[in-house]
Amino acid sequence: MENLVREHGGYILIAILAVALAFTFGYESGSQAAPSKTIYVQETLNDTPQQQVVQTVITTPLEKISMLLAGIDQEKKGRTATLEVERRNGTGRIFLNFDEKQPLIGNETQTSIKNAVHVAQNFNPATQDALSESDLFYSFKANTMEVEGGSAGAAMALATIALLQGKKLDKTIAITGTVNAAGEIGKVGGILEKAKALKTKGVKTFLVPEGEAIQETTIVNDIEKCTEETIGVATYKSCKLERNIQTIFVNVSNETELNVIEIASVMNAFEKMVEK
Amino acid sequence: MNEKIKLLAIISIVAVGSGLLGYLVAPSQTSHSEFYAPAIIESGQGTLVKFRVSLEPGYGRTLVNIENSQYREDAENALIKAKRNAEEILGLKLVFYDVVLDVDARGRQVGGESAGAMFAVGIVSAYSGKNVREGATMSAGISPEGFLFAVDGIEEKILAAKSSGKTRFVIATQQTVKNEVDIQGIEIIRASNIRQAAENLLT
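Heads up: the protein sequence lines correspond to chains U and V, in order.
According to this note's numbering, numbering within the first sequence proceeds without interruption in unit steps and concludes at 521.
According to this note's numbering, numbering within the second sequence proceeds without interruption in unit steps and concludes at 208.
Simulated from the structure, these hints should not be mistaken for lab results.
Built from N, CA and C at the ideal position, the CB exists for glycine as well.
Each hint should be verified, as a subset may be incorrect.
[Claimed, not checked] Some chain V residues close to chain U (C-beta under 10 Å, calculated; not the full set):
| hint | residue |
| --- | --- |
| 1 | G22 |
| 2 | G24 |
| 3 | R66 |
| 4 | T67 |
[Unchecked claim] When the alpha-carbon atoms are kept at most 16 Å apart in a straight line, the in silico EDC-like pairs for lysine to aspartate or glutamate are as follows:
| hint | chain 1 | residue 1 | chain 2 | residue 2 |
| --- | --- | --- | --- | --- |
| 5 | U | K346 | V | E61 |
| 6 | V | K98 | U | D344 |
| 7 | V | K98 | U | E345 |
| 8 | V | K11 | U | E252 |
| 9 | U | K432 | U | E345 |
Okay, chain U solo, but in the shape it has when bound:
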């Protein structure tokens, strides 16, 4: 046996590879699980006084997209999670992957997924067409017990838009913020902690809601002030606490060396994030 491995090691390796490859190929063609490609045509009308130019852009939705998300845990520490969105031909349904090895998905997050799909649907005619013929599958990967809250709303909307338009997103750009039905990005907490967590994952640019690139924090210092008074042989000491509230401004960019950009809408964020 040892001799066999020594003499034909290379062949055995090739054999294993070939067998694995053949099995995968057979499985894929057997299951027909691979979504077939549909082509969507997006027409943009450029209105000029003299002439109308119809620009035709052909878009093919992707099969899968993944995105890095940032959150904070119960101890207010920054954490990252990975969102995966898969697309198959379907009828516009939204599915969530319940996985025993992955965090539970809280109610607010479930609502924000639906909201994100709504924003993606209204993004442009191409995404609307693509969505009506797709089923979307959302799954989260993280080392936490739970994913909860709406702060990944904008990120989920952007992932969905990119998927439906067949565009790739720049992996070095991350975003945090809620999103409303109009595609406006709203404020969230824990920007600095999220930025620190994202930096460890190789993120270079962090898109944050308007007014959140500089974080206002208050530091409360209680200082004990004592006075001593001697009357005769006795010394009286009286103390009182003096509360000193200090407001400081933390520039997230200076603090983390990330390129921090404030962003107002999903539209603006998409222009920044899409790979050219």
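Please build the complex by placing chain V on the supplied structure of chain U, with the hints as guidance.
Okay, now just chain V, sitting in the frame of chain U:
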């Protein structure tokens, strides 16, 4: 030299063979099961909710449609556990399938443990091709070992099932039902584990 050619020949034969094997083990069709399960809505009333479980070619995932329902975390946990129970009954791991669940809760929240056991039966039904009997339904919790346990609001659920024309209702052995002797027109069946429940629910 000759040996090398022999080896290459063996490799290619095995590769072709495993390709064929892959093709054969891959599930090529979707199968599904549809049934109604009892639930309690905010007002405390019982109602029947439509469940649709389908098995699609995939990668062992549990995919849940969230368009028409919100899942509370206890329900999420119950569904994850129930899939394992179903795999135990079937005696296999559903690694080549995605289990797709669609509960039409009309936008309401799905909470509690009772969806679990019915989901397990639904998976068994979809895989085996045995339908859930037209007139049968169930409400019970399910332990990781497959034992059934009692759930809340059973009287309202039985009432709702009866008024929707169901004639058989499966509950856990330990379940107590108020005024059980007075219940008529619907047969109450007790089951101690998910296997017994499935036998009573499936055709």
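Review point. Hint by hint, which ones does the structure fall short of?
Key: 5 and 9
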